[in-house]
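Participant: For reference, the chains in residue letters:
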Amino acid sequence: MNLTSLYTLAFDKPAAKLPAHDLWFSDHAATTAATHTDWMFMWLFWFCTAWFVVLMGLMVYFVVRYRRRPGQIAPYSPSHNTMLEVAWTVLPSLTLVFMFFEGFKGYADAAVAPGNAIEMQLKAKKWSWSLIYPNGTESPEQVTTSPAGPVKVPVFYVPEGTPIKFRMSSSDVMHSFWVPAFRVKFDVFPNRYTTYWFKATNLDTTDPATKTFSADEKVDPINVKFAGRPYIDHYIFCAEYCGDQHSEMAGIVRVVPMDVYLAKIEAWASESLEPWQIGERVYQQQCIACHSIDGKANTGPTWKDLFGHEVEFTDGTSLSAADMSDDTKFANYIRESVYMPSKKIVKGYQNQMNTFMGMVNEKQLDGVIAYMKRLSEKGQPADKK
Amino acid sequence: MTTLDSKTHGLDHAHGGHHDEGSYLTPRGGWISTVIQWATTIDHKKIGVMYLTAILFMFFLGGVAALAVRFELFTPVRLDANGNVTGQWLAHLPLVGNVEGETQNVNPGNNLYNRAFTLHGAIMVFMVLVPSIPASLGTFLLPLMLGAKDVAFPRLNLLSWYIYLFGSIFAVLSVLMGGVDTGWTFYTPYSTTTDADSWRVVLMILGAFILGFSSILTGLNFVVTIHKLRAPGQGWFDMPLFVWAIYSTSIIQVLATPVIGITLLLLTFERVFHVGIFDPALGGDPVLYQHFFWFYSHPVVYVMILPAFGVISEVIPVHAHKKIFGYRAVAFASLGVAAVSFIVWGHHMFVSEGELAATVFSALTFLVAIPTAVKVFNWIATLYKGSIALTTPMLYALIFLFLFTIGGLTGLPLGTLSTDMHLHDGYFVVAHFHYVMMGGTIMALMAGLHHWWPKMFGKMYNSFWANIGAILVFIGFNVTFFTQFILGVKGMPRRYATYVDELTIYHQISTFGSVLLLIGFLVHLFVFVHSLVAGRQATQNPWGGLSLEWETETPPIEHNFHHEPVVKHGPYDYETTVPPGWDPKDYPIPHAARSHAVVVKH
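Read top to bottom, the protein sequences are chains A and B.
Per this note's numbering, the first sequence starts with residue 1, numbered consecutively.
Per this note's numbering, the second sequence starts with residue 1001, numbered consecutively.
Just chain A, same shape as in the assembly (with noise of 0.2 Å):
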């Protein structure tokens, strides 16, 4: 037996359990790259707990053994062994030569994207993410029941088994895109690109996490087609410290099969809606954090009822509800709201937003107008509702 064998039964197993791993981990690891990370995880596990066995158990056994007894006091022993020092800074260096080595090509793996993996944009704001596919559409889909306080999130869908790499950017502070099963998370940044890739292993229909796709038409009518075929859903977290609705700015990646996806994306491309409900869809996935649609405050002002009403301004100045009511008056206004935000801040509220230039295009802008309009009583016309 050579030394490379040697070493590969001792710790190159990557994809074997490790004792105790079900306790530390309460789902499978997701990607690849993720096993070997679990693995590395484990084995570290049970290096610490040994010397901490050992180092504990001398120190109890010490103290009881040496306890001070009346009249006596400790005898002579050395306090100095110069082989005895050199060893124990010696042996464990070359453990943590292991341990570099292991966790950087583990790193590796999980941080350089294999040539063909297919590309997409995530685009991180305060406080939502939105994927764009390779054919340019974005997911419409959202859970109702939230992962993570009480907002809706989006679901992106990905094909399993194929390396997908996502070219991430922000247009605010700074995030971190974490998919806790894929063990790897990736600062997102407001001013340079960085790269988070993967490649989700393949759908384990034994596996309890998995659930099949229902032939409920009301979350998407194309799910009819794939009603019976699995699908396994995994959180999204943002782990950089962003503002207010941190802690809400989450989601779900769906790994579904190939077909799945294509035929989702290819689903959403050629839908064709009227202008509010495109509007009513970048609301969802860009608006909602900070505007309500209720009338409730936010960390911005409602959307219900804002065409036609009077607005005032923190500078003194304001709009009446004339100028409110002229379609080009109001949609300047909005336009004004969504690209330079800062220029007018309602009274009442902070100059809070960035804006959403490169975020929201003009026919969504068209959408999000046409969807203001339709939220408020003023805006309907005469034949509608």
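Hints were generated in silico from the structure; no laboratory data involved.
For glycine and all other residues, C-beta sits at the position ideal for the given N, C-alpha and C.
A few of these clues could be false.
[To be verified] Going by beta-carbon spacing under 7 Å, a handful of chain B positions derived as facing chain A:
id: 1; residue: 1280
id: 2; residue: 1387
id: 3; residue: 1413
id: 4; residue: 1421
id: 5; residue: 1496
id: 6; residue: 1497
[Said to hold, decoys possible] Result set (DSS-like, lysine-lysine): computed pairs, CA atoms no more than 30 Å apart in a straight line:
id: 7; chain 1: A; residue 1: 225; chain 2: A; residue 2: 211
id: 8; chain 1: A; residue 1: 165; chain 2: A; residue 2: 211
id: 9; chain 1: A; residue 1: 105; chain 2: A; residue 2: 165
id: 10; chain 1: A; residue 1: 211; chain 2: B; residue 2: 1490
id: 11; chain 1: B; residue 1: 1490; chain 2: A; residue 2: 105
id: 12; chain 1: B; residue 1: 1490; chain 2: A; residue 2: 152
id: 13; chain 1: A; residue 1: 304; chain 2: A; residue 2: 329
id: 14; chain 1: A; residue 1: 363; chain 2: A; residue 2: 165
id: 15; chain 1: A; residue 1: 363; chain 2: A; residue 2: 378
id: 16; chain 1: A; residue 1: 363; chain 2: A; residue 2: 296
id: 17; chain 1: B; residue 1: 1568; chain 2: B; residue 2: 1228
id: 18; chain 1: A; residue 1: 152; chain 2: A; residue 2: 344
id: 19; chain 1: B; residue 1: 1490; chain 2: A; residue 2: 17
id: 20; chain 1: A; residue 1: 105; chain 2: A; residue 2: 17
id: 21; chain 1: A; residue 1: 165; chain 2: B; residue 2: 1490
Could you slot chain B onto chain A? The hints should help.
Facilitator: Using the frame of chain A, we list chain B on its own:
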């Protein structure tokens, strides 16, 4: 020794020239003049006691904020069927209203929660952990351990104290104005844009900036004191290891703190004058801020932990009546840790920086593990064949070893790149640094406080209740923070006001533990107050220590020593030395060693 003599004479003058030999605590004159004497004192012992009081008060404030954090996390925030938000605890407290100008949030609890954890972090780091042991025990003990009458620059020492007070006032003011929600790390561009219309953030940043000067001046003072004011016969390797630890700490304070000063100033310029340095919207780079910030804030972790190593290196030999194992290794490990601490800051940015930087910093980070492990081995080896008394300080030293070993070992998966990508910025990190900072520094502070309390205040405390407090703190600490390791691995991010259902049970166990911690510290508070009011008189050397502070009276006289002490034995020579103030009958040195025995006469 002539230079030393002239220096100490000079100090006599500085103290007002009187030669009253009463305890430094004896009030002279009415209460008004006593207050003035304390406020204008240049006696390092009084300044040390004032630091101790302020630090313990700040620890209480930071602790209240920590309890608020645990309280909010007792249940996750949810929407019920009627669209009402449930599970928010802070938002319903009658005492705390919503922060001015921020009433519009759908989650008012988040806002308070964010302020609570920022307050907790900022207070605990800048006002408790950084000054903790060096400013309180260090200022009090350093001249005593060196056999000096005071630190090298007594007036500078008083100035450091006032700077600390001034900086703390800025921070408290910022809290009274509504608090800050940036996190104690002030990461840009969030910190330069949040609460844009308010001065709160600027006040908090300036508070930290000012506190830095207190740290620099104290460090400078200590370095000079150690170089110049050692007693006759005290060479570098005759110094107690606490002094070595303080020396290493002071070097870091002097070299690293200016960097945070400059960084915080740049941050203030960016916020107030919109000079683009860190904010991309102004042409800056947020990662640059992180490099600057951690270039200070990583070494400062060792400013917090090295003095704790020093305390443990005193407490273990004294309560085991045993020479420390590997004195030189422990002393050089302190310096080694101090040196390596300057080149590992990049491990705070494994998931921000490029691959090359991450790899280099991971390799360097593992270097820190070596001297730290060596120290733990030495402490445990010191116990071997000792004569171990389970006093409260010793109990706390053992608690330190237990918790710090966990804290140190859990650093390994964080230094390992692949596992760190999962654990970074999650609860595993939170648990790790609480095991190191609270399980390490605060437990060592408790050990040191119980060790030197009789010397500082001349009173003994009730050991039984102090031990009960220590055990409660130990259990409470583990219940609170060990669960957070599990939370981190299962995917709980830092600074979240809510969480997914699966994690509820762990959060509730953690909150339960924090209540135990509170009870433990309240027991200690009771023990300390009881000791001051009704404690029995302490003897000169209750534990049998051999370093110089045990050779003087308890509490020390104003000028520390009646005569300049001459060092004739090492601080840990237990085989050959009867501890000062002890009857040789109570410390029977074996016949073989007696020929070398030194009996210190007073």
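Participant: Compare the structure with each hint and give your call.
Facilitator: Cross-check of the supplied hints:
1. Against a cut-off of 7 Å between C-beta atoms, the interface hint on residue 1280 of chain B holds, since the closest Cβ of chain A lies about 3 Å away.
2. Annotation: residue 1387 of chain B was flagged as interfacial toward chain A, and the flag holds, the nearest CB pair being 4 Å apart, inside 7 Å.
3. Annotation: residue 1413 of chain B was flagged as interfacial toward chain A, and the flag holds, the nearest CB pair being 5 Å apart, inside 7 Å.
4. For residue 1421 of chain B, the suggested interface contact is upheld, since its CB lies about 5 Å from the closest CB of chain A, less than 7 Å.
5. The closest approach between the C-beta of residue 1496 of chain B and any C-beta of chain A is roughly 4 Å, which is under the 7 Å cut-off, so the hint is satisfied.
6. The interface hint given for residue 1497 of chain B holds, since its Cβ lies 5 Å from the closest Cβ of chain A, which is under the 7 Å cut-off.
7. Restraint check for residue 225 of chain A and residue 211 of chain A: satisfied, since their Cα atoms lie roughly 16 Å apart, inside the 30 Å limit.
8. Note on residue 165 of chain A and residue 211 of chain A: the hinted pairing holds, with a Cα-Cα distance of about 25 Å set against a maximum of 30 Å.
9. Our distance criterion of 30 Å between C-alpha atoms is met by residue 105 of chain A and residue 165 of chain A, whose separation comes to about 19 Å.
10. For a cut-off of 30 Å, the pair hint linking residue 211 of chain A to residue 1490 of chain B stands: about 20 Å separates their Cα positions.
11. Straight-line distance between C-alpha atoms of residue 1490 of chain B and residue 105 of chain A comes to about 23 Å, which keeps the hinted pair within the 30 Å bound.
12. A distance of roughly 22 Å separates the Cα atoms of residue 1490 of chain B and residue 152 of chain A; the hinted pair therefore holds under the 30 Å criterion.
13. Between residue 304 of chain A and residue 329 of chain A the alpha-carbon distance is near 18 Å, which keeps this suggested pair within the 30 Å criterion.
14. With a C-alpha separation of about 27 Å, the suggested pairing of residue 363 of chain A with residue 165 of chain A holds against the 30 Å cut-off.
15. Taking the CA atoms of residue 363 of chain A and residue 378 of chain A, the gap is near 23 Å; set against the 30 Å cutoff, the hint holds.
16. A C-alpha spacing of about 27 Å is found between residue 363 of chain A and residue 296 of chain A, which places the hinted pair at or below 30 Å, so the restraint holds.
17. Among the hinted pairs, residue 1568 of chain B with residue 1228 of chain B is consistent with the structure: their alpha-carbon atoms are about 19 Å apart, no more than 30 Å.
18. With a C-alpha separation of about 28 Å, the suggested pair residue 152 of chain A and residue 344 of chain A falls inside the 30 Å cut-off, and the hint holds.
19. Taking the CA atoms of residue 1490 of chain B and residue 17 of chain A, the gap is near 16 Å; set against the 30 Å cutoff, the hint holds.
20. For the hint pairing residue 105 of chain A with residue 17 of chain A, the CA-to-CA distance comes to about 18 Å; that is within 30 Å, so the pair holds.
21. Of the pairs offered as hints, the one joining residue 165 of chain A and residue 1490 of chain B holds, with about 24 Å between alpha carbons and a cut-off of 30 Å not exceeded.
In this structure, every one of the numbered hints holds.
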